[in-house]
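> Each protein sequence line maps, in turn, to chains F and C.
Start counting the first sequence at -13; every next residue gets the next number (my numbering).
Start counting the second sequence at 5; every next residue gets the next number (my numbering).
Don't read these hints as lab results, they were simulated from the structure.
You can take every hint at face value.
Not the full set, but computed from the structure, chain C residues with beta-carbon under 7 Å of chain F: (1) 223; (2) 226; (3) 337; (4) 338.
Rough simulated footprint, nothing fancy, chain C against chain F, three-plus residues with beta-carbon under 8 Å: (5) -5 to 2; (6) 39 to 46; (7) 108 to 121.
Pairs of lysine to any residue residues, derived as SDA-like cross-links and limited to a Cα-Cα distance of at most 25 Å, are as follows: (8) C:45 <-> F:396; (9) F:113 <-> C:329; (10) C:240 <-> F:-3; (11) C:332 <-> F:78; (12) F:399 <-> C:48; (13) C:237 <-> F:150; (14) C:240 <-> C:276; (15) C:332 <-> F:38; (16) F:113 <-> C:323; (17) F:411 <-> C:56.
Every value quoted in this text rests on a predicted model; they were computed, and no experiment measured them.
Heads up, the beta-carbon is just placed ideally off N, CA and C, and yes, glycines get one too.
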Amino acid sequence: MNRTADQPEPNPLREGLSARPVPQPCSIVIFGATGDLTHRKLVPALYNLAADGELPPGVVIVGFARRDKSDDEFRRDLEESTRKFSRQPVRDEIWNAFAQSIFYHRSEFGDEAGYKQLATHLEDLDKSHGTRGNRLFYLAAGPDQFESILKNLKAADLNQTCEGSWARVIIEKPFGTDLASARELNRVVRNSFTEEQTYRIDHFLGKETAQNILVLRFANAIFSPLWNTHYIDHVQITAAETLGVGTRAGYYEDAGALRDMVQNHLIQLLCLVAMEPPTDLSADSIRGEKVKVVRSLHRWQRSEIAANVVRGQYTKGAIHGEPVLGYRQEQNVNPDSQTETFVALRLFIDNWRWADVPVYMRVGKRLPKSATEISIHFKKAPAVLFNKDLRDLNVLVIRIQPDEGISLRIHAKVPGTSFRIEPVKMDFHYGTSFGKPSPEAYERLLLDAMSGDATLFARSDEVEEAWSFIDPIEEVWHAKKDAPELYFYPAGSWGPEAADDLLARDGRAWRRL
Amino acid sequence: MICSPVTDGRGEDCKRVMPATAETYSLGAPVEIGKIEQELKRLWQDGEGAMTRASLMNLAVYSGKPGSLQNNTQLMARITENHACRAIVIEADCDADDDQVSAWISAHCHVSSVGSKQVCSEQISFLLKGGCTIQLPSIVLSNLDSDLPLYLWWQEEFREPMDPQLWTWVDRVIYDSHGWSDFRSQTRLLESMQEEANQRIVLCDLNWTRLDNLRFALAQFFDHPASHHRLTKISKMRIDFAPGFRSSAILFAGWLGAQLNWHIEEVKSLGELRFIGASARHIDVELRERNGEPVHEVALTSDDVEFRVTYAHCGDLLEISRTQNDEKGIPQLMPAGNNDPVGLISEELIRGGPHRVYLNALNCVRDLL
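Could you build the full structure based on these sequences and the hints that come with them?
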């Protein structure tokens, strides 16, 4: 969000034209260029940036993958997928100009010579396309390839740049599978790139509403005095999806919902909700405050985990009226799988602001609807005036996806002679209020990486702290003795009853989505 | 889609016409001046469930051109697709003998990008006859959607007296200087208006907005620190502009002058002027009138490099290229934006903050305009 120290003096002609840091010419090298992420997200995002005039001149895309392919074949494949997945329709003239900057580099990830050739290729592109020695390496390959790629980048001196240029690496999640592997990954990354060069992408943070949490909290004085244990009863964070495991069983069987969603996306959202105001909007100020939240998460004793964390797995059921398989019947899933597709957690942040305010999180597959929301439930008003206990609390809801927006539930008198009070909802929809469509998260994040703004990327200490919170839960779940139960829920329901009990014990209930 | 005509100000008619693509633009239902809010309320009550009213600003449009109510209603139907607002559309016939005010209400609806609800902006239309100067402030001020900023799109030349009662309420005044007959007197009026408003009013010149994409395209050449030195070596600039858009071309030159600390040294002719920069370096500017887009090509020469931004053949794209020693680099395409009023207004409405750069540009070339 702010200009960082390694960014150059501003261009005087930019004044008043753009409030964001200016992205710089560079070569974007995508490892895993023939994969899904490249076709569905990365290249469509880059095309949209080009079509909106956000991509600076002198940006080239080099796809690095194992399959044999010519530049033209690669361009044709990408054109096909971009036409399918782009946010805006593809225009021939823009695509044709954009495609001239796309190249393919065939190599095995472990082949050192392939990286030397890549270095030569990039130098040629510097000369022909004005990429000025700037390199952005995007690791869209499987995590098992990261080490090999990073080592070879270093061996080919691609992690080094001449003065005035930069080299950065974007790493896709998962950032390890536990604390030990995350530390190992960070060590491997650090062997080749410094922390300042490393951008760990969490696409949730690129969403407009996630970014708006900071604006909502720190640009609106009305919320600031209420945002603490004195006025907030509890917080709920829900990330629900109707989809099942689909084609991701290979990964998901090992990961499960806790590692796949909670360790990164949900904890990141919680950080934005719970962090203290940063001293400024620089990447490190914001990330410094976020990491304090993760560090303050109450660590449950092993014996307390079953009472505070519920795991579940979907069985057969129906989604939108259509019958769907249970998780264990899905392709490539172990018929006796113990992998959780649902997690509900009750957690606390042990700091001054949030003492005794429970945060309930739930995430699951095959739930009745797809929605990611954060809700802040305020304490009840004293029930002395209206001769009744008000049933509902004031709730501030931040909708992350879909239908991004904010709503506030307040109480109002029902018109009439009696004094009947009912909750009403004040709603703000991004889609309704602002005509301009929000850019895709990847568009924003790629642009930030090109601009050297790491605010919306996770820092190594955030990742490690999050794993240190998750690891004890995983350990208990995988203990040979007395492991907490894996509950089952029919697809199309809101998860196992045990998840409802988690709140019911505190006299609360999940918000109805 | 547009929800008009609203023949009786009630929701039934409004809902009935909503699914169809509107091709005619009615002013809607006539209403009594004192009952506008009441009738608007009825309109929304009747449409509840199917329609969501959205508003981020009050957008008032003022014109003295006969028939402008219909034309501006048509523009509003398109503007509100992307900018939810309360539109206050005013046509003034100030020379009419009798003082008279007529009003209509209508709504512009379109399908929301999320869900199936119609998102609607309301419009209040006024035809003012006779004492416009007195009527205008009271009409605007009494029909504002509360707590929302007031943007006033002034489609006329400004003329005295400038009523401070109105201007102190305006947050942004939008105008298009390209057609001004006397730039200096208009600028003076604007400055007095700003003074009345204690400088809080933001001046939004669509003549400046139409240069946005060109400025953006040209600025990109100099983003990299290694290219900054080129800015200090610019020796020539050529701007091609369409007939009637000389002021746009001059503003463009003024922008470069202000941002790069150049000062006008000499006006050789209508088509030639010379700036002087740091270290007494001269920058020669050639202004060429050619048919095409308002400003359809800009070329800067810095040493052996020419930076060029020109309209591509497909019209809504800019081609930007850099030529060194007669060797042309790979051209890139960028959006050119729309030069129609809807495109310009939309561009202007998504902005915030004051136009400091515009004022600097204006000051740099004010004697030439």
